[in-house]
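Participant: Residue numbers (this note's numbering), protein chains in the order written: chain Z, 464 to 770; chain B, 289 to 514.
Calculated directly from the structure, the hints in this document are not laboratory data.
Computed from a predicted model, the values in this text were never measured in an experiment.
Watch out, some of these pointers could steer you wrong.
Stated by the list, open to error - Subject to a maximum C-alpha distance of 27 Å in a straight line, what follows is the list of computed DSSO-like cross-link-like pairs (lysine-lysine):
1. LYS416(B) x LYS562(Z)
2. LYS575(Z) x LYS562(Z)
3. LYS741(Z) x LYS575(Z)
4. LYS489(B) x LYS562(Z)
5. LYS719(Z) x LYS562(Z)
6. LYS336(B) x LYS416(B)
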Amino acid sequence: DSIFIDVLSAEFEEAAELLSVDPGASTLSMSASNTTTVAAGEGRGGGEEVKLDLSEDEEGQEESSELLGGQKAAGGFWTFEYYQSFFNVDTVQVLDRVKGSVMPLPGRNFIKHHLRSNPDLYGPFWICVTLVFSVAISGNLSVFLSQMGNPSFHYRPQFHRVTIAAVVIFLYAWLVPIGLWGFLTWRQGAERQIGGYSFLETVCVYGYSLFIYIPTSVLWIIPLEWVRWTLILIAMLISGSVLVLTFWPVVRDDTKVMAVATVAMIVVLHTLLAIGCKMYFFQIAVHSPTPAPTAPPAHITLATQPH
Amino acid sequence: LSDEASRPFAGLSDVSISEDIPVEGDISVPMGSSRRDDEFSTLDEPVKETILRDLRAVGNKFIHVLYPKRSSALLRDWDLWGPLLLCVTLALLLQGGSADSDDQGGPQFAEVFVIIWFGSIIITLNSKLLGGTISFFQSLCVLGYCIMPLTVAMAVCRIVLVGGSGPVSFGVRLVVVTASFGWSTFASTAFLADSQPANRKALVVYPVFLFYFVIGWMVLTFSPAQ
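When you get a sec, could you build the whole thing from the sequences and use the hints?
Facilitator: Next comes the structure, spelled out in structure tokens:
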């Protein structure tokens, strides 16, 4: 309850500030009440109507945040200030968003609760970079640890894996949000103003949802298979639920089939990423390819054949 | 009024020089040492002077990295010679290991180069986007010069590896690399952290930490060819 009031008061403040800046701006309202306020300057009547508008469920909040999100970017995309507006976060905000991605609670939409129409690119970018290196380094360590008793094993740093990890993770963190955002925007169609997240918010939530994989990949160094599978299940659960909780309110207005299909696709892609990383980077001892030792036994058997 | 105006020059009206006495003599203006000429035109100085001046500037900055204190020398007179020298040295030292198999070996020369320069550029962009007041090349200069402890650690590691690659040598290398990684991060944040607003310092320091961690990892996992 207190969170609801907090969000309400924050949204009211932002909406009032916006209206005071530009009294001529028309607020978009629910389709039910076309007569709601235009300017806060209308006095008591206007104030009341604004309050009523906001006391609706979160669809009211979504549209005002959509309005605010659209007015945040400054300048054209060729100016430096435009990109600076995406890095307008403090340390505590980044830490709070990371915490929100690790502990998803039902009812707390990541975008509404943590981003609050200030999506940043700092988190997604550096989380992806850290994930690339943590996966590559941990994978290298786990191969080394699993082969420690093997005398013919010669340690190799395997730096080409960093490149592969970088390509895969960055493609996932950018292409999937582009696809999802485009798909959702297309499905919104005529009702673009209600629901729907901006492109940056989608990228942001995907980037932060990858954070849980960083400690998971470090813990994957432990060579026990059941530990690894447990860890990956927990990580997928947490990460997937952040995404599902974020996108379900947007998708549920659609037909049932499409809604379920969209959410299922999000989960499946996320699962594929996790399992793909595990299979490629964390090979267990049995599967590591060592073609050299198999050659000499063949020679020996061939040599002994003529007898 | 006309009297007062003419009074300062009153004595001059008495001076006269007859036209048939030639006026001659020597006028000598004391010249400064030849160094003053160099400030305006370094074209005439010997090449050794030019090179030595740059080398002295580079060496001066190395000393500032060794003893990081809040001096602005590194920031004011930035140059990229030092970082280039360090980067090439480090990349060369990382060669010659596990060269028998291409796809499983250590980093190629180009990979080290790209990681160091690309990484520095990205960290600089990150700090500027977060609202830092340091200029682009100053930041590149600082990040490049602070690789020096890790380059020294690499040289030490190669020497240690000549003696053998058992657990003892690994322990020694681990200690050396960890110490130099900490030194690099500490030195660079001493220069960079001042230029950031107070509530974003950690956001700028973390990528620097990651950068030197990755370079330290490359140094530590270098294994010689058998």
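Participant: Work down the list of hints and note, for each, if the structure agrees.
Facilitator: Results of checking the hints against the structure:
no. : hint                  : in the structure
1   : LYS416(B) x LYS562(Z) : holds, 26 Å
2   : LYS575(Z) x LYS562(Z) : holds, 15 Å
3   : LYS741(Z) x LYS575(Z) : violated, 32 Å
4   : LYS489(B) x LYS562(Z) : holds, 19 Å
5   : LYS719(Z) x LYS562(Z) : violated, 32 Å
6   : LYS336(B) x LYS416(B) : violated, 38 Å
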